[in-house]
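Trainee: Residue strings, one per chain:
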Amino acid sequence: MHERLKRFTPGFLDHHDQSSGMYKSLFNFRLLWKQSIATTLAVVLLPLFTLTAVDYKISKDALESELLLRTARLVSNTRRTLTSYFDERKFALNFLTLDNTYDQLLDEQRLKHLLENLKSGLGEWSDLGVIDHTGIQRNYAGPYPLQGMDYSSQEWYQKLSYTDTDSYHETVSMRSNISEVFLGFRNTPHIVISVLHSNPFGLNWLHYVLRASLDIDRLNNILSHTEVSGNGDAFLINQKGIIQTPSRHYGDIMKKFPLAVPPVSDRTEVVEGLDHQGRAIVTGYAYITGTPFIFMVIKQKDNLMQTWVSTGGKLLIFLAGSVLAIVAVVVGICTYLVNSIYQADQKRLASLHQVEYANKMASIGRLSAGVAHEINNPLAIINEKAGLIKDLFTFRQEYAGDQRLIGLVDSIIASVERCATITRQMLNFARNIQVNVQKLSLKQVVADVLEFQTKEAGYRSIAINVDIPEEIPEFFSDRGKLQQVFINLVNNAFAAMKDGGRLDIKSRLSDDGAQIVTTVSDTGCGIPAENIKKIFEPFFTTKSGSGGTGLGLSITYGLVKEIGGSIDIESIVDKGTTFIITLPLEYHAEKGGTHARTVG
Amino acid sequence: MRVLLVDDEEELVATLAERLDMRGITTTWVTDYRAALAAVEQEDFDIALLDVRLPEMNGLELKRLIADRRPAMKFIFLTGHGSEEDFKACSAETGREYYLIKPVQIEVLMAKLNEIAQS
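Chains as they are written, first to last, in the numbering used here: chain A, 924 to 1523; chain B, 130 to 248.
Note that these hints are calculated values from the structure, not bench results.
Even for Gly, the Cβ is constructed at its ideal location relative to N, Cα and C.
It is possible that part of the hints are untrue.
As the list claims (entries may be wrong) - Quick partial rundown of chain B residues pointing at chain A, CB under 8 Å, derived from the structure:
id, residue
1, L141
2, E147
3, I230
Unchecked claim - Restraint ranges, calculated between C-beta atoms of paired labels, are given here:
id, chain 1, residue 1, chain 2, residue 2, range
4, B, N243, A, N1282, 43 to 53 Å
5, B, N243, A, T1344, 21 to 31 Å
6, B, E244, A, D1333, 19 to 29 Å
7, B, N243, A, R1341, 18 to 28 Å
8, B, E244, A, S1433, 38 to 48 Å
9, A, K1429, B, R131, 50 to 60 Å
10, A, P1392, B, N243, 31 to 41 Å
11, B, R131, A, A1281, 46 to 56 Å
As the list claims (entries may be wrong) - Calculated cross-link-like contacts (lysine-lysine; reagent style DSBU-like; alpha-carbon spacing at most 30 Å):
id, chain 1, residue 1, chain 2, residue 2
12, B, K192, A, K1362
13, A, K1362, B, K241
14, A, K1163, A, K1082
Could you build all of it, start to finish, from the sequences and the hints given here?
Mentor: In structure tokens, the structure reads:
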């Protein structure tokens, strides 16, 4: 699982810059990655957050002002309904005082008849009474025994019948009073509407009061049918703060309204605040002119804002989704780009190393060629001089016979031959540094490579077994590169093996006969599966402690590719490793051409 | 068999000439191309043993000049520089691979000379 995850992890995250100097990476990739992600995210997300916040605020404000406006409209409409409700009833009573003389009103039958008419016209009237200027109820029609009741001490009566000269100078005016809801003698909540009739210009100066009581059922009906959103309340209170019609949340009729009575205003008002239980509310109210009533609408703000909460929630989900998508895309793109740069950088480093390696080899080649040449000439002289001495012993009688001297000369000549072998190897090596495609024998190439290694193999008692059958034809390739490939692989095998191991080099023709397949197998420590994939990557090394550059196999890989072949690997830990090199019989150079040859 | 030896190393060429003389081969040795051309004008040689790297003119050019004058002559190149492969390629001119790398064992040289003489 961990391994699988690792395959998707871009290389630069694990990268540790080990080299220095000219082979240093151009960038700190992890920092570059983090910075590009942070910058891109900041540039993209900041405006998104700002816009979302602004939009959130605007939407919320709009919803709130809409809420206030709706409340105001409701209060104002209901206020108009209530005003006309009371006006209708006042005017009805007033009409009775104008349409009937005082005497007619004192007629019991007549009064009953009028009450019936009122009931059939405007309903909910419960009784009707006539009260004279001393406050005594002179006539009464209704279910209660209120005939002869004295109202002179009651406040509404005093207010209504209060005589002041100015008001009597008015023309026939309507002075009326609408009482609060009260229980009164009958002990049921009702409202009393009374109209004062006075005619200072009449022959018989008199004033009296026509009084009627109303059940508040219809009023309750009007209010309870008011559609108030947000689990709201619509009810009446009086100016002293007593609840006049039932409310759902703020107490029953005749109870004290738990909140403060709103300040007097002749307009519809809407205010926000908290109620006695600490809930956020929107209160709309209006004083009903000519009555002691205040119409109240109280809405629960939380309830009203519920639609907003769901909208806001959707907005947040959308925002979170957008942010996730943006983060995913940004991280993806940044990772991809930084990884591309990283890989390009790695390639640059690898080719730098390869160039340096090639330069180094070329320098060594030039040096060894020079040394070999300079040594060869004096060596040739020593050879000839020693040869001459031997010749003299052999051909001239006067020198002959000293076997010891002949032995010494033979030894000089043998040593010269040994030196000559070394200088020849050096010249061959120098020759192979240059790029050159030629016809060559695989067997010979392998033999040349192993020539350098036999000493070490001997010391370490490593058995080397070469099996290159005669059927492998000579083929065109770059001798130097091929030699380098085998040198690297053999060195690798030697490094992997303990003393006493075994190195096998085998060749065969591929099935179609167009390629030579060569295997280089060792009995070394093997390579764990997780490293197999990376084994040809530049700078991958398990020998970092012992001076390995991690370049050997990557150069080998590059060389094999350059001469048109391919290389593969099979390995079993603790059993050994096999490199499989497939080379075409026809040479296809990947790049570059052959260099001019120098001869001397 | 008359052999012309051309090499700028006098010590080498003189000693080699003496050794060949001992083996019954008539040798003339020179150390530059002018002397070589002069010798070719005066005498008739079967084989020329040429150093590849000579001052002023290399062995290959000298071989062409001599071959112009004496088409029947055979050549062996001798060099202390370069590898066998280089030399193989260059000595293709001689038609056969007559080349030797210094230092050369006298037996090898003798074998080569006899081989050419018989061809």
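Trainee: Are the hints correct? Go through all of them and say.
Mentor: Okay, the hints, checked on the actual structure:
The interface hint given for L141(B) holds, since its Cβ lies 5 Å from the closest Cβ of chain A, which is under the 8 Å cut-off. A distance limit of 8 Å between C-beta atoms decides the matter here; for E147(B) the minimum to chain A is near 6 Å, and the interface restraint holds. The criterion of a C-beta within 8 Å of any C-beta in chain A is met by I230(B), whose closest approach is roughly 7 Å, and the hint holds. For N243(B) and N1282(A), the hinted distance range of 43 to 53 Å is satisfied, since their beta carbons lie about 46 Å from each other.
Against the hinted window of 21 to 31 Å, the Cβ-Cβ separation of N243(B) and T1344(A) comes to about 25 Å, which satisfies the hint. Separation of E244(B) from D1333(A) is about 25 Å and conforms to the stated range, judged on CB atoms against 19 to 29 Å. One distance hint, 18 to 28 Å for the beta-carbon pair N243(B) and R1341(A), holds here, with the actual separation near 26 Å. Evaluation of the 38 to 48 Å hint for E244(B) and S1433(A) yields a pass: the beta carbon distance comes to about 41 Å.
The beta-carbon spacing between K1429(A) and R131(B), approximately 53 Å, falls within the hinted interval of 50 to 60 Å. At roughly 36 Å, the beta carbons of P1392(A) and N243(B) sit within the given window of 31 to 41 Å. A hinted range of 46 to 56 Å for the beta carbons of R131(B) and A1281(A) is consistent with their spacing of about 49 Å. With a CA separation close to 27 Å, the supplied pair K192(B) and K1362(A) stays within the 30 Å bound.
Of the supplied pair hints, the one linking K1362(A) and K241(B) holds, its CA atoms being roughly 26 Å apart against a limit of 30 Å. Taken as a hint, the K1163(A) and K1082(A) pair is honoured in the structure, with Cα atoms around 17 Å apart against an allowance of 30 Å.
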